[in-house]
Amino acid sequence: MTATAVGGGTGDTRALPPTPPGPPAPTRRRSARRRGYLVFLLPGILLSVGVIVVPLVMTVGVSFTRWTGIGRPQWIGLRNYSRLVRDENFWASFEHIALLILAMAVLPTLIGLVLAAVLFDYVAKVVGPRTASLLRAGLYLPQVLPVAVSGIVWGWILHPSYGALNSILDRLHLRALAVNWLGDPKYALYSVMAIMVWVQVGYPVVMFMSGLSRVDPELYEAADLDGASWWQRFSRIAVHLIRPEIYVVLVTTTIAGLKIFGQIFVLTRGGPGNATLVPSYFAYKNYFEKAAVGYGSAISTVLTLIIVLLTVVFLRIQARGQRMDGS
Amino acid sequence: MATAEATRATGRHPAAPGAKATGRRRQGRGPARHVVLAGLVVLVLLTVAPLLVVALNAVKSPADYAAHGPLGMPHSVYLRGIADFWNRVDFGRKLLNSFLVSAAVAVGGVILSVLNAYALGIGRVRGRTWFLVFFLVANLLPQEVLVYPLYYVSKSLHLYDTLTIVIIIFIVIQGSFGTYLLTSVYASFPGELLDAAEVDGAGRFRVLWRIVVPVSRPTLSVLLTFFFVWTWNEFFLPLVFLISSDQQTVPVALGVLQGERMMDATTTSASALLGIVPAVLFFLIFQRTLTRGVMAGSVK
Numbered sequence: 001m002t003a004t005a006v007g008g009g010t011g012d013t014r015a016l017p018p019t020p021p022g023p024p025a026p027t028r029r030r031s032a033r034r035r036g037y038l039v040f041l042l043p044g045i046l047l048s049v050g051v052i053v054v055p056l057v058m059t060v061g062v063s064f065t066r067w068t069g070i071g072r073p074q075w076i077g078l079r080n081y082s083r084l085v086r087d088e089n090f091w092a093s094f095e096h097i098a099l100l101i102l103a104m105a106v107l108p109t110l111i112g113l114v115l116a117a118v119l120f121d122y123v124a125k126v127v128g129p130r131t132a133s134l135l136r137a138g139l140y141l142p143q144v145l146p147v148a149v150s151g152i153v154w155g156w157i158l159h160p161s162y163g164a165l166n167s168i169l170d171r172l173h174l175r176a177l178a179v180n181w182l183g184d185p186k187y188a189l190y191s192v193m194a195i196m197v198w199v200q201v202g203y204p205v206v207m208f209m210s211g212l213s214r215v216d217p218e219l220y221e222a223a224d225l226d227g228a229s230w231w232q233r234f235s236r237i238a239v240h241l242i243r244p245e246i247y248v249v250l251v252t253t254t255i256a257g258l259k260i261f262g263q264i265f266v267l268t269r270g271g272p273g274n275a276t277l278v279p280s281y282f283a284y285k286n287y288f289e290k291a292a293v294g295y296g297s298a299i300s301t302v303l304t305l306i307i308v309l310l311t312v313v314f315l316r317i318q319a320r321g322q323r324m325d326g327s
Numbered sequence: 001m002a003t004a005e006a007t008r009a010t011g012r013h014p015a016a017p018g019a020k021a022t023g024r025r026r027q028g029r030g031p032a033r034h035v036v037l038a039g040l041v042v043l044v045l046l047t048v049a050p051l052l053v054v055a056l057n058a059v060k061s062p063a064d065y066a067a068h069g070p071l072g073m074p075h076s077v078y079l080r081g082i083a084d085f086w087n088r089v090d091f092g093r094k095l096l097n098s099f100l101v102s103a104a105v106a107v108g109g110v111i112l113s114v115l116n117a118y119a120l121g122i123g124r125v126r127g128r129t130w131f132l133v134f135f136l137v138a139n140l141l142p143q144e145v146l147v148y149p150l151y152y153v154s155k156s157l158h159l160y161d162t163l164t165i166v167i168i169i170f171i172v173i174q175g176s177f178g179t180y181l182l183t184s185v186y187a188s189f190p191g192e193l194l195d196a197a198e199v200d201g202a203g204r205f206r207v208l209w210r211i212v213v214p215v216s217r218p219t220l221s222v223l224l225t226f227f228f229v230w231t232w233n234e235f236f237l238p239l240v241f242l243i244s245s246d247q248q249t250v251p252v253a254l255g256v257l258q259g260e261r262m263m264d265a266t267t268t269s270a271s272a273l274l275g276i277v278p279a280v281l282f283f284l285i286f287q288r289t290l291t292r293g294v295m296a297g298s299v300k
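Quick mapping for you: the protein sequence lines, in order, are chains A and B.
So in the UniProt record's numbering, the last one in the first sequence is 327, and the numbering has no gaps at all.
So in the UniProt record's numbering, the last one in the second sequence is 300, and the numbering has no gaps at all.
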């Protein structure tokens with residue numbers, strides 16, 4: 001990829017004239033301006049080849065082999081993939097991811113829209129901007145914690161025997177509600193989902209509030225004069241104008257959801273049974289616990305394909321949205 | 001914004017005492033206002049509650065916890081739990097490791113981003129759109145697809161279980177994001193500045209060091225901050241690469257200790273608090289940088 005990109009040069013959309021081999025004087029000045037920069041890209045190219053390109057190609061290659069990590073990989077063609085399609089754990093891990101994307105991308109975006117609008121449009125104006133930013137900081141706090149640490153916090157709070165939640169429920173004489181939040185396959189995934197909403201909600205709130213501050217207040221005033229209700233103003237003007245932020249939040253959180261590892265590792269290790277198994281942890285287990293490197297590579301390759309495809313689709317949608325705004 | 005609001009406000013209800021002090025009249029809708037505000041405050045309190053409960057129990061003696069449960073106020077501030085945990089896992093060492101890795105990645109990542117973005121955004125080398133797509137994808141790739149070959153190769157290079165390999169990998173991953181972001185900033189870099197330098201006969205490197213870097217310093221400080229915090233919080237790759245206890249970073253050390261038998265409620269709280277405090281400190285320190293940087297970006 002890198003090699004073709006160096007030689008290709010098709011992507012340069014700048015309005016520079018094509019530079020023929022022996023250019024006349026003015027053009028030579030321009031090409032001279034462009035010369036001598038490639039050397040600055042060299043460290044980036046070399047490091048990317050070593051850390052990204054080669055490992056990526058190796059993983060895709062290994063996904064067609066059987067390999068324990070020792071000795072020579074044995075070529076088995078597509079057998080890892082056909083095994084993957086029949087592996088119910090693999091499908092389960094993607095079902096769990098779908099629910100986790102709901103908890104990490106969709107719900108936080110919806111909740112974040114409402115909270116951002118209330119904070120920006122109501123609290124900041126009626127109570128004061130300092131109160132609004134204080135409340136915003138509180139909602140954002142879970143975002144600054146390392147994933148492992150938020151996992152520890154919740155792992156303890158939800159612990160069946162010494163966790164805070166069950167001991168509170170106990171004291172309120174609600175023993176019946178005190179279940180094994182993370183240890184019971186019936187509840188584990190939902191508990192993780194609730195934790196992820198808690199982790200994520202601050203991010204859209206901050207992004208959307210900064211987006212809302214771009215909105216020209218005159219638009220609101222015009223809407224007020226037209227007798228628009230607060231809800232109409234919110235849904236017709238605000239949501240429309242902060243669409244770029246909504247896209248960015250949805251893309252980044254969806255991809256974060258597909259990649260989730262840390263919380264699962266700390267909270268449940270994919271269990272109980274496989275109740276909270278996710279693709280990244282599934283791959284990790286195959287690499288480092290089962291020494292099934294070929295199979296783990298196949299899982300990673302599928303996950304990578306999904307993420308790259310999703311990125312392309314989102315970039316397309318976003319580009320189309322921008323073109324429509326521009327016209 | 002505030003003045004526009006003030007002129008628009010009808011002041012049907014001369015509202016709270018705070019408003020009187022500023023002399024500004026605000027639209028308040030009586031009870032509705034209090035309900036919305038109270039709801040939000042409760043929500044925010046619920047959000048920070050888990051962290052407060054952790055802090056509360058981290059400074060409680062096990063006996064106190066056993067007697068009064070997780071919500072009772074600590075009868076005396078008991079720091080033995082934190083100190084014991086600190087010593088048992090050699091937490092100072094973990095903090096130092098985390099700091100070394102994060103600082104090295106932040107600096108290295110910014111340097112790499114600047115070099116790449118200089119060539120792509122200002123130099124406009126050929127095929128730069130493809131380079132940008134590559135760097136974007138490189139940053140979005142799941143680390144699982146890179147980890148095993150990196151693990152395998154680092155073992156044969158004797159870099160496995162060293163901070164160096166983690167630093168190198170994260171410089172490239174964070175630098176990819178930085179390249180993507182910084183290239184768009186540099187693409188609109190004021191051409192007059194570059195032309196003037198060229199007239200003075202300054203070479204490419206001199207222009208970069210003397211003009212481009214100083215002018216873009218606000219953006220670079222934002223990148224530096226992001227890289228530091230992101231690397232501090234990273235879990236997966238450090239978990240795989242840093243296995244011996246004296247190489248571990250804070251999240252890895254805390255993460256692998258979970259589920260060990262020696263953990264009880266107060267020890268777990270103590271360990272969690274030790275993970276929370278640096279993160280919140282960075283948040284408070286860096287918020288200023290970020291606010292300034294974001295503002296500098298919007299002025300541009």
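Hints in this document: simulated from the structure, not taken from any laboratory.
Any given hint might turn out to be false.
Going by beta-carbon spacing under 7 Å, a handful of chain B positions derived as facing chain A [what the hints assert, rightly or not]:
#1 44
#2 112
#3 247
Idealized CB from N, CA, C, for every residue including glycine.
Outcome of the hint check:
1. 44: Result: holds, 4 Å to nearest chain A Cβ.
2. 112: 6 Å, holds
3. 247: 16 Å, violated
When the structure is compared with the earlier hints, a violation turns up for hint 3 alone.
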